[in-house]
Amino acid sequence: MLGDRQQLSYIAAQAADARLNLELETEGMTLNIGPQHPATHGTLRIIARLDGEQVVWAEPACGYMHRGYEKLAEVRTFPQVTTLVNRIDWLGSFANEVPFILAAEKLMGVEAPTRAQYIRTILFELSRIANVSLFLGDLGVQLGAITPVFLAFRDREYVLNLIESATGGRFHPNFDRIGGLKDDLPAGWIDETRAVMKKLRGFCDQIEDLLFGNEIFQSRTRGIGVIPRDVALQYGLSGANLRASGVDWDLRRDQSLPMMWNKADWKVWTHPDGDSFARCWIRLQETRESTKIVDQLLGSIPAGPVMAKVPKIIKVPEGEAWVSTENPLGEMGYYVVSRGDLGPFRVKIRSASFNNISITPWLLRGVYVPDIVTILASLYFILGDIDR
Amino acid sequence: MSPLLAEIPYWGESLFRVLGGLVAVLLPAGTIVYVFLFKMMSFMQSRLGPMEAGPYGSMQLFAEVGKWLQKEDIVPERADARIFKMAPIIVLLSTFLLVVVVPFGPDALFTDLETGIFYALAVSSVSVLGILIAGWSSANKYSLLGGLRAAGQLIAYELPMVLAVMGVVIQAGTMNLQKIVVAQNSGSMFGIDAVGHPYLISQFVGFVIFMIAIQAELTQAPFDMPIAESELVSGYMTEYSGFRFLIFFIGEFATAGVFAMIASVLFLGGWGVPFSWFGWTSIDEVDNWMNFAGPLIMFTKMMLIVFIIMWIRFSYPRLREDQLQRFAWKGLIPVALANIMVTSILKVVF
Amino acid sequence: MLPKLPSAEVRPLSSNSEITTPVVDAAREELLVAIKSSLGDAVVDSHLKPGDDIWIRVRNDAWQTSIKKLRDINSFDYFCFLSAIDWMPSPYGRGEDDPTEPTPQRDMTIRSGYAGGETRMQVFVRIVNSKTHIGLNVKADVSDAVPTIDSLITVFAGANWHEREAHEMFGIEFAGHPDLRKMYLPADFEGHPMRKDFPLLARMVKPWPGIVDVEPLPGGDDSGDSSDGDAS
Amino acid sequence: MPKVPGLVKGLGVTLGTLFNTATKGANTVQYPHEKETPPIRSRGVIALHQDNCTSCMLCSRSCPDWCIYIEAHKELAPPRREGGKPRQVNLLDRFDIDYALCMYCGICVEVCPFDALFWSPEYEYSEPNIADLLHDKTKLSEWMETVPEAPALETGADKKKK
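First to last, the sequence lines map onto chains C, U, Y and P.
For reference, each letter of the first sequence is one residue, going 1 to 388 in the numbering used here.
For reference, each letter of the second sequence is one residue, going 1 to 350 in the numbering used here.
For reference, each letter of the third sequence is one residue, going 1 to 232 in the numbering used here.
For reference, each letter of the fourth sequence is one residue, going 1 to 162 in the numbering used here.
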């Protein structure tokens, strides 16, 4: 079931090496990549069985950062859970709060005021930009180019400053509340955001020139780690990984949620190739689209309150709700079961990276060691998002 | 015997040469690390680099060396200790052996070998041994992969380098580096004496191949898979710490300096300026002050070449091992061979 | 190449606090009928929330075949996630009990969620149609005595890790799964942490700071009113 | 126009950044020498206004990390009016926040009904010893000096909010 090119090279290598191995009595080598390794964005461990530089079998071992959020959420009240879910995908934390709050609102039958929905959507997209811009820089490091990551940190800083000045937290905003937002935006924030969005578009151009246009980069990523459409669906890939396989599906567009994405004019990019380059390229385009969404929404924020009328002590009525949104890493959803108590009865956190990375044992067969790094980088996972 | 050293006894002369060798290797290495690795890289990444040690961080290198010297000299338990300890020294040794043939002025040179370039290319391969045994003896899979990659890569790129140099040798008609310098500076292009005849222009293809090859020989990006910090952690250097790592580190940048010097000798006219500027016609007429100005000129040209090497290093991602081999064998070597052919035909015709 | 933005259903922009959910959801109603006809008697119960989601519950022994049919006949081709629920209320509450007091009585009756259920444990999976983007939650009971259910690996390869996780966290066996190693915890870890009767140690090692109350006046009567109102 | 090879463009980007940094300065801040001021809303450290605290325990009970420890006792205070009954007041014996546990979510500040807790953007209070991160009520009260005024709100914000 491997991709054609991969499969051919794998079979050829196997056939050639089989005789050699028999004659020389060589055996493969097990290479332990991680848990502490620069390519793993945290503490993921990949056990790879190598034959020369070719991977015969590889399997990620997770759990080095398992924090048991599903269990922890059961002993917390609804407002307290947002502080947990902040820390799942720590680079785009505001985006993690939104689906959970939306699920709780759905159970309560509350909808946030329009102004709050606008601000939510803007902050959601800002956290996407902060997250994906770091991906674009980190991609360079994984492939050996050192400069992009510094440019990414430079420009991500502007976005983080924006998030901090609005919410008070750089990484863990905890700004979303059931029924709206904690506070309104500070004065001057909108103009600042416009300026930053312009800078971020410049950053995207820089990265495109520095990395994506680079022939070496293209030769490293094109045709590597091909995921066909049906396999992507089977494994439940989501986000850019799914769209890179040619599936035109973006939850921001294809789902009706009380968020404001459909008020802006933007485009869902797909790519037919399904290789590493396609995944990276889609993320680059998405960052550009996000800056556009933010720009458009900034102009049309209506006046009004940011908090609906909700009781001070929140008890969520009995029921089950599933809400998922298109997070920076892919589809992030919460299956919230409430028993009419202060806290949720059960929260199933469907994180994007868990599904995205579960394809690796299939995907890494037959590739070379340097391609492990490229493929993992292009799948783009965050450890907190796998282990939760 | 050169007039400069005529009055000095043999032991003094030897001492002078050893000190000169140290200066010729370490001074460029230090300058390269500070100017390019600390400052140019930082500026290219929109930051300032080290700023605390000394004015504008200029003493940073000494601080780093001091730090490394204090560190424990760790040998992994299952490593082959003797070979493990030897490896960095072999790598640095090849750098010192290389600098021996580089001329810095009409008389300021260590040895004047007739087959200088041949010698230089030969001893530059010694570092492969050091890297290979470093990778093997570390008892670490990453080091092993790195060492093997390095060996494969260095051998693959030795060939285009040799072939690129062939063009110069054919054009100059000599393998003596000093004579190559003289040939470039006393020659003329299209009848204009003012620029001399740097082989950069007539051997441009050779120069490009040579630059690519030394980029690979120095394992700088985009050819840095032996080190590949994002996949092989640090390749063959993974297990080294303290002063042994320091030696590897010095070796890396000293070799960059020395290779850049050889490149400037071969393609940019080395220590010399076009002789016609001062009315010299041969090496014997060159004034004695060139022995002092020469090293400076050489240093400037070296910095220029290292700038290009580092600029590429800081901008490009790295290739994959198989792509790199393919590039060497299917790309560079045929082009280099064609270059030799064209050069020799033109040499015979004109 | 790319389709234009569909004119998606836009919610009213008034800042009303009540969601106006459509009472009838024709698409989902139809779908539910289609699902029931393709699965036959495998469907035990179903629940439909208009404009939101569909829940169905299938028999444990028809789990794998039903999902396969849903994939092939009703073209739910996207595997979203698989997990389990322990419907027993936790005997430990939120860990906020006073250790010096006797444990308070808790309502321990097991109540299942949408689409009902007869057992304490349930496995549920969410699959989505990648064309219409309508999702479906499928549940199945897992008996307490033999917590076993068929593996979905042959239907959706992506179920592999999810089943490993559910096995580790709830102790449910997935028949036909090739490799039910632990995903997160050390191999010699005992117990299934997500079961409600597994205590959360972080909430056991020290008493809740909120138990403490303001000390009453020595000898004085404790009127119970801790703040006298004119503090601000 | 012929397409510029990506390799050349990449070199252009790095060289451009080099010149930008050389002429316009770097984007980095030389931290101990110069400091960026965090935004007003920044959640740096929690300050306690002791006079406002009625030891109602709300913050302690809503803390997800259980990192606020309060002890208090009742005392009789002299009556406010002449001849009135002596009032019962709560006196704070202990108010500790363990910053080694705190995850800076701000729930305690939000639930406080009497405006006794505030966020201060101050961030330089790291300690070599983890036990010293437990700030007691005197230390928490000292932070009050650093608490800024709340920022003005963006146009269109609801003015009714405090």
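I should point out that these hints are in silico values taken from the structure, not numbers from a laboratory.
Since the model is a prediction, treat every value here as computed from it, not as a measurement.
Where hints are given, some of them may not hold.
As the list claims (entries may be wrong) - Pairwise CB distance ranges, derived in the manner of DEER restraints: (1) C:Asp191 with P:Asn52: 30 to 38 Å; (2) P:Glu34 with U:Glu72: 30 to 38 Å; (3) C:Thr30 with U:Lys347: 49 to 57 Å; (4) Y:Leu201 with P:Arg81: 29 to 37 Å.
We put the CB at the ideal spot given by N, CA and C, even for glycine.
The hints, checked one at a time:
no.	hint	verdict
1	C:Asp191 with P:Asn52: 30 to 38 Å	36 Å, holds
2	P:Glu34 with U:Glu72: 30 to 38 Å	36 Å, holds
3	C:Thr30 with U:Lys347: 49 to 57 Å	55 Å, holds
4	Y:Leu201 with P:Arg81: 29 to 37 Å	53 Å, violated
Hint compliance for this structure: hint 4 is the single one not met.
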